[in-house]
Amino acid sequence: MIRKELVAASAEPVILSLLAKGESYGYAIIQEVTARSEGELHWTDGMLYPVLHRMEHRGLIKSRWGESETGRKRKYYSLKKDGKAAMSQHHAQWSLVHSVLTGLRKERYV
Amino acid sequence: MFDLRNAMVDLERSFADWRWQMLAAGLRTPELVEELELHLREEVEQQMRFGADPLEAFAAAVARMGSPVVLQREFRKIGLWGARFWWVLLGIGSFGLVQTAMLNLVGPMIFHRHASVFLSPKWWADWFPSYLVWVSFTVAGAAIGWAGWRAQRKAARQ
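Each protein sequence line maps, in turn, to chains A and B. Under the numbering used here, the first residue of the first sequence carries the number 1, and numbering increases by one thereafter. Under the numbering used here, the first residue of the second sequence carries the number 1, and numbering increases by one thereafter.
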């Protein structure tokens, strides 16, 4: 299980990257993150919504009320222009952290 | 025999109780509570599809959602009210400015006389003090509103 600080820090880039594929809603976002991380990236359901609302407030994503296939109301979120820019920034930063870690690990085995 | 109808009635009652708990914890935005409730309903349905009892599924979904108090604290941090407050202040300030401009520029065109607040013969004696107060209030209102809104946007972007 991934530590909670890392879970919190990765929430925004993960949500942005997920929404870059197309609009989605809270429940589906949690399901997909759990499936993709094989349950390692564990989000409490309640934690997601404040994050989504904060991102919307900051102008990174937008929301609209729609309907599910069964006719139930659903709130869909999608990426905004600022969100795309923020996502690229996140990707660059996380890649940098990743390359530093990989580089250091390789050096250990040289 | 398991009575699904009664179980569904109990489930609806549980949802109603949960909404009250949300209200009691201070989550008073109907749209937000609705969004969270729709999430719970989806989770409950999913678990029932796998054969879970409705009330057990509900209890599990609520547990996954987390405590209403913690949720409310998280939402409060977003500061949506902060932004709204500054917008209102900005609105009042701008309204004041527009009103002053109308009074002094458009007013004379319509009524064929100078606006008494600004250009009456003895305006400086009669109106100047209150005019000064009026203008400084509106200008200050607009300036504070604008600065506050900018600061808020900047903080939100970080």
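A couple of the hints might just be wrong.
Taking lysine to aspartate or glutamate and the DMTMM-like style, the derived pairs with C-alpha atoms no more than 25 Å apart in a straight line are [claimed, not checked]:
| hint | chain 1 | residue 1 | chain 2 | residue 2 |
| --- | --- | --- | --- | --- |
| 1 | A | K80 | B | E31 |
| 2 | A | K75 | B | E74 |
| 3 | A | K84 | A | E56 |
| 4 | A | K73 | B | E45 |
Now the stretches of chain A that chain B is said to cover, found in silico as 3 or more residues with beta-carbon under 8 Å [unchecked claim]:
| hint | region |
| --- | --- |
| 5 | 5 to 17 |
| 6 | 36 to 47 |
| 7 | 66 to 74 |
No lab work stands behind these hints, which were simulated from the structure alone. Quick caveat, the model's predicted, so the values are computed rather than measured. Beta carbons: idealized from backbone N, C-alpha and C, even for Gly.
Next on the checklist: Against the 25 Å threshold, does the CA-CA distance of K84 of chain A and E56 of chain A hold or violate the hint?
Outcome noted: holds (13 Å)
Next on the checklist: Can you tell me if the region 5 to 17 of chain A counts as covered by chain B, using C-beta to C-beta distances under 8 Å and a minimum of three residues?
Outcome noted: violated (count 0)
Checklist entry - Under a C-beta cut-off of less than 8 Å, do 3 or more residues of the region 66 to 74 of chain A approach chain B closely enough to confirm the stated coverage? => result holds (count 3)
Item to check | Per-stretch coverage check for the region 36 to 47 of chain A, three Cβ contacts closer than 8 Å to chain B | outcome: holds (count 4)
Item to check | 25 Å limit on alpha-carbon distance, applied to hinted pair K80 of chain A and E31 of chain B | outcome: holds (21 Å)
Checklist entry - Hey, K75 of chain A versus E74 of chain B, does the alpha-carbon distance stay inside 25 Å? => result holds (19 Å)
Checklist entry - Is K73 of chain A close enough to E45 of chain B, meaning Cα to Cα at most 25 Å? => result holds (15 Å)
Going down the numbered hints, you'll see the structure goes against just number 5.
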